[in-house]
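Protein chains in written order, with the working numbering: chain D, 52 to 411; chain L, -19 to 283; chain R, 10 to 304.
These are computed hints drawn from the structure, not numbers from a lab.
It cannot be assumed that every hint is accurate.
Unchecked claim - Computed list of lysine-lysine pairs in PhoX-like fashion (alpha-carbon distance at most 20 Å, straight line):
1) D:K114 with D:K153
2) D:K123 with L:K(-8)
3) D:K328 with D:K287
4) R:K17 with L:K87
5) D:K69 with D:K153
6) R:K301 with L:K87
7) D:K200 with D:K233
8) D:K69 with D:K258
9) D:K114 with D:K152
Just so it is clear, the structure is predicted and the values come from calculations on it, not from any experiment.
Next come the chains, spelled out residue by residue.
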Amino acid sequence: MINLRNVRKFYGALEVIKGVDITVEDGEFAVFVGPSGCGKSTLLRMIAGLEGIDEGDLVLDGKRINDVPPDKRGIAMVFQSYALYPHMTVAENIGFSLSLKKVPETEIRRQVEGVAEILQLTDYLDRRPAALSGGQRQRVAIGRAIIKKPSLILFDEPLSNLDSALRVQMRAELQRLHRELKATVVFVTHDQVEAMTMADRIVVLNKGLVAQEGAPMSLYHQPQNEFVATFIGSPKMNVIPVTATRTSAGALHLDSPIGLLLDLADANGAVPQGEAKLGIRPEHLKIAPEGQGHFTAEVVIVERLGVETYMTVGSGQQPIVVRAEGDIGVRPGDRVSLTADPAACLLFDSAGRVIRPATA
Amino acid sequence: MAVVSPSETANKSRSDLIAYATLSLMSIFCAVPFFWVLLASFDGNAQLFLHWPQQWTFANYVKVFTKEDGAKWLFNSLFVVGSATLLVMVLAGLGGYALSRTRAWWKLPFLYAILLIRVLPPTALVVPLYKFLLTLNNAEAAVLRPIFGSYARDIMRWTGFIDGYLGLILVLATMQLPLALWIMKTFFDGLPRDYEEAALMDGATLIQRIRRVLIPLALPGLAAAGLFAFMSAWGDFLLPLIFLSSPELQTLPLGLFRAFLRINEIDYGLLTALAFIYLLPAVVAFGFARRFLVQTFSGGVKG
Amino acid sequence: MARNSHEKRAERQWLLILLPSLVLLLAFVIYPAVYSIYLSFTNEALTGAAALRPRFVGFRNYVRLFNDAKFWNSLFVTFVFVIGSAVIGQFLLGLISAIALRRPIRFRRVFSSIILLPNAAPEVVAGFMWISMLAGGDNATLTRIVSFFGVTPADWLQVFPLSMIIIVNIWRGIATAMILLTAGLSTIPAEIYEAARMDGATPSQMFRRITLPLMMPTILLYMLISAVSTIAVFGLVYALTRGGPGGATEVVSIYIYNQSFTAFQLGYGAAVAVVALVISLILGIAYVRAMKVEV
C-alpha cells in the first residue's frame, strides 16, 4: 500500500505540488489523470525517487521512503519513451538490473526467460529494440520492470506514443497483465478514456492539487466539482449558466438565457438562490415532441456515428451537445425540443463547487 | 534533478567539485600559453620567457606598423583571406544548395569525393600544385607581356598565379571549399522545401527564388561556413610560404615567422605585438563561430 | 530520376551552379594529386642535372624510399605523433571536458570558451607561444612550473622534442574532441540514465555499460577525423622544431617539405607525398564508410 501525505514540491519559489494526499491499496490499478501541467508526471517521478519531495511523506508498506534511493524502494518504472538500452538485446535489457548486482549468468537467464514467457517475448530475446514494434518495446520495458519483483509499478504515459489501434490493444494487454501479476500499479495519462477504462481508482489532478479521487463510475456520476465533471466523460458535460429561484413548492426553478426552464427537486433546501451553473451530460438530454421540452434550439451540427448521434444545438456562446441513440433523421437547421433529466442535473456555484449533486 | 537521499546529495556535490577542479586545471593549461603574447606585447623590455612587465607601453604595436611592414602584412592577409572567404561563401552557398536539391546520379560520388578530398594532406599536394601554377603563370606572362610590356609585372602581382594575389586567393578558397560545401549542403538539407515550392507556385524563376527566398534563409549557414573558412584560411601558413616570394605580398604568418628567425637580437615585444595582431581576427571570428560549432560538428558526425 | 523537361532543366541548373566549384577542385586538388603520382615516377628536381631534362625513372624513387631510413623515421614519428596526440591525448582530455561540462555547474560557458580557445589560435602563433613556454632557458614557463614541484627541468625542445610536440598538439586539439564527443553524448536520451538509475546502476557502471558502448560510433568517427587532420599538421611542428633536432620530430608533412623545397628533389618528394596520400585515403575511405552519407 502506498501513501502520499501532504506532499509538496517547489521549483524555486513556484509551488508545483501543493499538498497532495493519495492512497493506493495493494493490487489496485490507480490512474493519475489531468491536463498538461497538473503535476501528474512530477508526482510519479517523486514516487519513483527521480525527483525530491520537499514536504510531506511518501510511505510504502508502512515505511517512509522519502530518502531511500530509487533502486532500493522496490518500485519499478516504465518510461514514456520506454528508455530501452538501444545497444543491448531484449534479454540483456530485461536482465540489466540483475547483472548490475552480479547475479550469476544462469540465474539471470532463468529469470529473464520466465518474464519473457509471461510477456510473450520468448521469440524476441535476442533482438535489439530497434528491430521491435512499439507494442513489443513496451512489453520489454514492462519486463525490465517486473523482473525486479517490485511492490509497485509506475507507468508514465506509456500509450501516448502508440497509434490508436495499437493503443486499444495495449490497454487490454495491460489490464490482462495487471490481473495476472496482481501488481499494484500507478499509471499516469492525460487521456481520460484510458483512465476510465483501465482504472480501479482514478485520481484527477489539477494545478498541483487532487481535484477528486475515487472509482471511475463515482467520478462520472458524482463529480465533486466542475473541473472533474467536465474533465471526465466524452463528449464533455454541458455547463449552462442559470438563475435559480425558489418556488412555492420548495423546488428550484431554473431560468437560463437560452430559454431553458426547469424545476429541480431540492429536498434539503440547501441550494442558495441566484446565479449558478447547470451541468447535464449529453446523454441525459432527450428530444421531446414539439413544444413539450424544457427548451427548444436550432440544430447546428449533426455527427452520425451509426450506433449513436451527436447533435450540437444552439449557437454562439451556448452550444449544447445532445446524444441520441441510433440514427435519427435530424438535419442541420431543424428546430428541436429537448428535455433534461432532472435527476441527472448538477448545479455548480460560480467557483465550480457542486451545490446540488445528481440524485440519479 | 534526481537527488533523494542525503548521502546522494553529498555525492552529487562531490562530483560537481571534481568537475570544477578538472575544468579549472584544463582551463589553466589552455590559457597559460596565451599570457606571454598578451603581456610581452605591452612590455617595454619583453623577453622570450613569461614575466610581468616592468614598463607598460604601446611602443611595440607602433613599431609593428612603422619599423616593420606590419601594415602591409595585415592588409595582405585581410585582402587575401577576405577575398578567399567571400569566394568560398558564394560558391559554397550556391553549390551547397544545388548539392542538396539535386537528385542526379553524380550526387553521391560528388559527396564522397568531397569527403575524400578533405582528408588529403596539403603538403602532399603543394609540389605538383606549384608546378601547375608555375606553368599557368608563365602562360599568363607570355600573354600579358607583349600587350602591357613593363607593366605586366605589376599586373601579375594581382592576377598572377605564383607570387600573385589571384593564385593564392584561388588556392586558399579551393582548400576551404569541401568543408564549406558540406556545411551548406547539410544546412539546406535541413531547410524544408516548402518555401521554395511556395515561391515556385508563385511563379518565381530560379534566380528570383535564390535571391528573395534562399539567401535570407541561408544566412546562418553562410555565416557558419564563412567563419570556418576564414579561420582556417587565416591560419594557413604553408600556402603563402610556398606561393609568395616578393616582400610586397607577404602575409602576417610569414612576417611573423620571419621576424622570429632573425639571426641578431630578436625583438620579442615587437614579435608578440605582431602575434597579437595576427591572433585577434581569428579569436574574434571564433567568438562569432562559437554557436555554430556544435551544429556543424554534430552535423559532421551524422553526415 | 528527372523525367519531365521541367525537372531536367532544374537538374541542368544544379550542375551549372556547381561547375565553378568543380573546376576549382579539379584544378587545384585532384589534378595535383594525380600529377603527384606522375611526378613520383620521374627524377624531377629543381637543381642538378635532372632539372634540365627530367626523365621517367619508374619505381626508382620508391625503391629509394624503401631503403631510406629518414623516410621510415618520418613515418614512425608521424605514427607516434598521431597516436599520442589525437588518439590518446586529445581524446581523453576532450572526453573528460565533455563529461565535466555536462554537470550543472556555473561558469560553463567560460570554461568551454577557454578550452576551445587554443583551436582558434593560428598555427604559427600557437607554435611561438609554446616556444616561450618551452625554450626560455631557465625561465621557460614549463621549467618554472616543473621546478616548483621539485622535478629537474631540461631543455624541453631539445631533450624531449617528440613529447613536446605531442603535448602542444594535444593542447591545440582538445577543442575538436570535446565538440564531437559532446555532440555524441547528447544523442543519448536522459531517460536511459534514469532507467539505469531505477535499475540500480552506479555512475561508473552507467559509464562503462551505457555511455561508452553507445558512444562507439562517435568515437570511431572522431578517431578517423583526428588521425587524418593530425597527419596533415605542418605549420605547428615547423614553427616549434623545424622537424629537428636531427629528425626527431620530422613528421611526414615536414619530410615532404624538406625533400621538395630544401633538397629540391621534386620527384622523390612526390613519391613520399604519394605514400602520405595513400595512407590518408585509406583512412578517408574508412571514415566515409563509417559516416553513412545521406543523399
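Pair hint D:K114 and D:K152, alpha-carbon separation not exceeding 20 Å: Violated, because 24 Å separates the two Cα atoms, which is more than 20 Å.
D:K200 paired with D:K233 [C-alpha distance capped at 20 Å]: holds (11 Å)
Given hint L:K(-8) paired with D:K123 - CA-CA distance at most 20 Å: This hinted pair holds, its Cα atoms lying about 18 Å apart.
Satisfaction of hint between L:K87 and R:K301, Cα-Cα up to 20 Å: holds (14 Å)
D:K69 paired with D:K153 [C-alpha distance capped at 20 Å]: violated (41 Å)
Restraint status (C-alpha distance of D:K328 to D:K287 at most 20 Å): holds (15 Å)
Satisfaction of hint between D:K258 and D:K69, Cα-Cα up to 20 Å: holds (8 Å)
Holds or violated: D:K114 to D:K153, with C-alpha atoms at most 20 Å apart: Measuring from Cα to Cα gives roughly 27 Å; hence the hint is violated.
20 Å Cα cutoff - pair R:K17, L:K87: holds (15 Å)
In summary, the structure is inconsistent with hints 1, 5 and 9 from the numbered list given earlier, while agreeing with the others.
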